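*Asks:* So the chains spell out like this:
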Amino acid sequence: MEKLNNQDFLSAVQAAFGADVLAHEEAFGMLNIELSPARIHEAIQWLQQHQDLSVNYLTNIAGVHYPEAVGREFAVVYQLHSWKHNLRLRIKGYLPKDKLHIATITDLFAGANWMERETYDFFGIIFDGHPDLRRILNMDDMDYFPMRKEYVLEDATREDKDDRFFGRNNNEL
Amino acid sequence: MSQEIKDVLQAADPANVATINFGPTHPSTHGIFQNILKVDGEKIISSEQTVGYIHRAFEKLAERRPYNQITTITDRLNYCSSPINNIGWEMTVEKLIGVEIPKRVQYMRVIMMELARIADHLICNSVIGVDAGALTSFFYPFSEREKIYELYEEISGARLTTNMGRIGGFERDFTPVFHQKLQSFLKTFPKAFEEFDSMLARNRIFMDRTKGAGPISAERALSYSFSGPNLRAAGVDYDVRVMSPYSSYEDFDFTIPVGVNGDTYDRFMVRQEEIRQSIRIIEQAYKNLPEGDYKADLPDFYLPPKEDVYNNMEALIYHFKIVMGETELPVGEVYHAVEGGNGELGFYLISDGGRTPYRLQFRRPCFIYYQAYPEMIKGLPISDAVLTLSSINVIAGELDA
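Chains Z and U supply the protein sequences, listed in that same order. End of the first sequence = 172 in numbering that gives the first Met the number 0, gap-free, step of one. End of the second sequence = 400 in numbering that gives the first Met the number 0, gap-free, step of one.
The following block holds chain Z by itself, in its conformation from the complex:
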């Protein structure tokens, strides 16, 4: 059996999802595909059930916060793995901060349950249709989402932890 590569996967996804493939790149050998958030559930289902691609394994789900990217402040990153082709890929969806909703994939992968709860717990992203979307690692009565960039870890008055010393110029988040 011929093993498919990143380009083959990308072409297949582009053919199936056309204009909803918003961006793509190959980062350190791994295919990244940005899709419209509304179609991510459908895309993952399609990848999972596709006879040739057979993306059968959900590696993890990660949230990322980009406070400066207006209109696309939050990213949900799904890392998937096709064992048949031994190919890993990332599906990304960007959400605006006032509409943090994305469809759950717990119906496709049972293991997505806690991964989505963790992403909700730390970033406040709401997975529509999740059977039990509660905080998981933090306390239930916590009233903020701690992995967002506006919550700095240390005392903000400390000057030695200034972001400029971390190679970044943006100190206002």
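FYI, nobody ran anything at the bench for these hints, they're computed from the structure. None of the values given here were measured: they were computed from a predicted structure. Every residue, glycine too, gets a C-beta built ideally from N, C-alpha and C. Please note: incorrect hints may appear among the correct ones.
Derived list of chain Z stretches under chain U, where covered just means 3 residues or more per stretch with a C-beta under 8 Å from a C-beta of chain U [unchecked claim]: (1) 26–32; (2) 44–57; (3) 81–95.
Partial list, derived from the structure: chain Z residues whose beta carbon lies under 8 Å from chain U [as the list claims (entries may be wrong)]: (4) L9; (5) A61; (6) V63; (7) Q78; (8) G110; (9) L152.
Chain Z is fixed; fit chain U onto it per the hints.
*Replies:* Positioned in the frame of chain Z, the structure of chain U alone reads:
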């Protein structure tokens, strides 16, 4: 779900259902996490988990730590096999900066990671024995694990939270004492291990207790994104060392044991066989240990020796730049996975070129497979739930991060 279990669940009379706490500090949780069980007599009808008791915000911490300081965080994930976590993290950074690692370092890493796997599996398997009531089989492996910890000490100076290695290699070469201790370990361990194996593997009582305890099918295990020995016990031969070899694992000849039923006994047997395979890998790596340096030529990341820092301007500049985090880093996203003690341990690193990660996520196998626990123990007696918990080897540090 078998018919027998279905009958139990159906027959449960609401008046007889009791709610009990299994944990947070139950002796057999081996860490702090709570399960609220609903039981009808001895049979578990449902359970609900609470995790996060030792959540230490590693992902948040990592966003404020330079890359070389994150190694100490990874120690505290699966603390039964810290070197795998340390080296996995170092390889992630090396992937980001794109550096060629000398063959000798790769082989040294394989030796340390396989020692760590042995230590991890030894603890897990002997604890299964304890939870089945066999305390003697717990004491013997500890003297063997002690020898592994002595080997860690020779390499890193520490035993549990090892902080082993550096970005680019090791902090020192294998010492003469290490060679001597490793050789004697390779000679004596297999015999001691087989003694341990003979205490449990074909022990009638142990088999009766563990067979059929906490089974999971291959389909469900895959759906739950299981990895590592727990997935292989269900009959799926997925191993990161073979699927995406790192650190020269492709050079070694070893087999991936798989189970059939995905129950406690299969998990025990898979781990036992993996220990034997790890010994094989260590023997091969040690016999063919290449000559060369114990670190890559990586002045931007690898701290220069102290005597150079005091006497040589260039070394002083590099030392300063590393400590103050002035090193240029590429922008990008990398994912690197290693086969940890419990499965696919992944590091998803987003770098924006700053001296700390913009985002670092740990793919922690424990966290991912522990969610299947209620499904695995449904309809079983509490004593089986205890065994199941110890055999899936949930390590609180890795679970809660």
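*Asks:* If a hint holds in the structure, say so; if it does not, say that too.
*Replies:* Going through the hints against the structure:
no.: 1; hint: 26–32; result: holds (count 4)
no.: 2; hint: 44–57; result: holds (count 3)
no.: 3; hint: 81–95; result: holds (count 4)
no.: 4; hint: L9; result: violated (16 Å)
no.: 5; hint: A61; result: holds (4 Å)
no.: 6; hint: V63; result: holds (5 Å)
no.: 7; hint: Q78; result: holds (6 Å)
no.: 8; hint: G110; result: holds (3 Å)
no.: 9; hint: L152; result: holds (5 Å)
In summary, the one numbered hint that this structure violates is 4.
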